[in-house]
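Peer 1: So you can see what is in the structure, the chains are spelled out below.
2 protein chains.
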Amino acid sequence: MSTTVITYNRGMSRWEPNARSRLEQAALDLYRERGFDQTTVAEIAQRAGLTERTFFRYFVDKREMLFWGQEILRELYMRTIAAMPGSAAPIDMVAAALEASVPVFNDRREIVRQRQAVIAANPGLQERELLKRAALASAMSDALRQRGVPDPIASLTANVGVLAFTTAFVRWVNAPDEYDLSQLIREALDQLKVITAGT
Amino acid sequence: MSTTVITYNRGMSRWEPNARSRLEQAALDLYRERGFDQTTVAEIAQRAGLTERTFFRYFVDKREMLFWGQEILRELYMRTIAAMPGSAAPIDMVAAALEASVPVFNDRREIVRQRQAVIAANPGLQERELLKRAALASAMSDALRQRGVPDPIASLTANVGVLAFTTAFVRWVNAPDEYDLSQLIREALDQLKVITAGT
Chain A
1 MSTTVITYNR GMSRWEPNAR SRLEQAALDL YRERGFDQTT VAEIAQRAGL
51 TERTFFRYFV DKREMLFWGQ EILRELYMRT IAAMPGSAAP IDMVAAALEA
101 SVPVFNDRRE IVRQRQAVIA ANPGLQEREL LKRAALASAM SDALRQRGVP
151 DPIASLTANV GVLAFTTAFV RWVNAPDEYD LSQLIREALD QLKVITAGT
Chain B
1 MSTTVITYNR GMSRWEPNAR SRLEQAALDL YRERGFDQTT VAEIAQRAGL
51 TERTFFRYFV DKREMLFWGQ EILRELYMRT IAAMPGSAAP IDMVAAALEA
101 SVPVFNDRRE IVRQRQAVIA ANPGLQEREL LKRAALASAM SDALRQRGVP
151 DPIASLTANV GVLAFTTAFV RWVNAPDEYD LSQLIREALD QLKVITAGT
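In the order they appear, the protein sequences are chains A and B. Under this note's numbering, the residues of the first sequence are numbered 1 to 199, in order. Under this note's numbering, the residues of the second sequence are numbered 1 to 199, in order.
Just so you know, the hints here were simulated from the structure itself, not pulled from any lab data. Ideal Cβ placement from N, Cα and C applies to all residues, glycine included. Accuracy of the hints is not assured; some may be wrong.
Facing chain B, according to a computed beta carbon distance under 8 angstroms, are these residues of chain A, among others [unchecked claim]:
#: 1; residue: Asp92
#: 2; residue: Leu130
#: 3; residue: Thr157
Please take these sequences and the hints and turn them into a complete structure.
Peer 2: See the structure below:
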């Protein structure tokens with residue numbers, strides 16, 4: 001019989017309360033004050049009262065820390081589409097996936113708003129945001145294909161979903177207490193229906 | 001009365017027949033043989049039998065030479081949308097703009113096919129391609145707004161257009177003699193109509 005001993009170096013990996021959100025808020029404050037390019041990881045860690053080592057336990061670098069939501073959304077989309085009834089139309093599967101992501105934004109509206117202002121001020125970050133959207137569209141396409149939706153319908157539907165979400169998000173993010181994100185998504189999907197139907 | 005004298009240094013800017021297309025073909029050959037990252041402007045110029053100086057008279061750098069079509073498409077889209085009858089639906093304005101661009105691709109199908117293969121092999125170039133699409137969607141949005149189409153309809157319609165074109169292009173580019181690009185664009189727009197209409 002053996003006992004598993006977990007060696008634990010308190011100095012290196014001691015638990016810091018809310019380290020992730022403290023780092024995130026410190027970074028957003030610095031990006032706004034000095035600009036994204038002028039801010040270093042050392043400064044972010046210092047402002048948060050943490051070490052650089054702790055920063056790198058949570059984030060790859062100062063750019064990627066703005067985009068960790070991508071992985072959360074990807075998993076949420078995949079899981080929601082996988083759980084939809086087989087009788088659902090592809091666009092309804094995508095609408096459900098977008099709807100499932102709404103609490104992620106509502107729960108963090110102030111951070112999301114600040115993050116968006118940082119991205120809007122930096123072309124390199126806007127490029128990264130385009131990559132995020134493309135990756136999420138690609139994830140939803142995969143999920144739809146796994147549900148038997150053929151191409152190009154899978155890819156078109158996923159991209160329509162990302163387009164509707166982006167349009168809704170842009171309206172919501174500047175006045176998150178005024179608008180309902182779910183409703184804006186439904187409105188964008190309805191507008192896409194009217195637009196593509198033509199005259 | 002005065003005479004305008006144009007000084008002209010023959011050594012520096014002598015005319016080279018088809019310099020642009022010779023450079024383009026040389027670059028595509030080298031990108032395919034060695035990879036995009038491993039190819040220098042000096043090598044491209046040498047392969048084309050021209051100087052680096054001539055290269056830079058036509059292109060900003062070895063990346064941008066793959067994307068000069070963006071400006072041509074932008075102007076074509078703007079001009080076509082500006083010339084549409086005011087009674088046309090926004091989606092029909094966008095469809096006409098895309099249709100107007102088809103000859104640009106048909107006339108250069110072999111170069112376009114090779115270019116696409118280079119982009120598909122390089123993540124950095126794929127990012128640049130996403131930027132190109134975003135810029136073209138933004139140009140079409142502007143053109144629609146100038147025709148009195150309000151937001152978010154202008155932006156949604158422009159993005160639907162870029163999505164339809166991209167979907168059609170991906171099918172066309174691998175077998176440009178087999179498919180008709182115009183027809184593929186119309187098919188994608190029809191599919192978007194069915195998709196957004198839902199169940």
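Peer 1: Of all the hints given earlier, name the ones this structure violates by number, lowest first.
Peer 2: none
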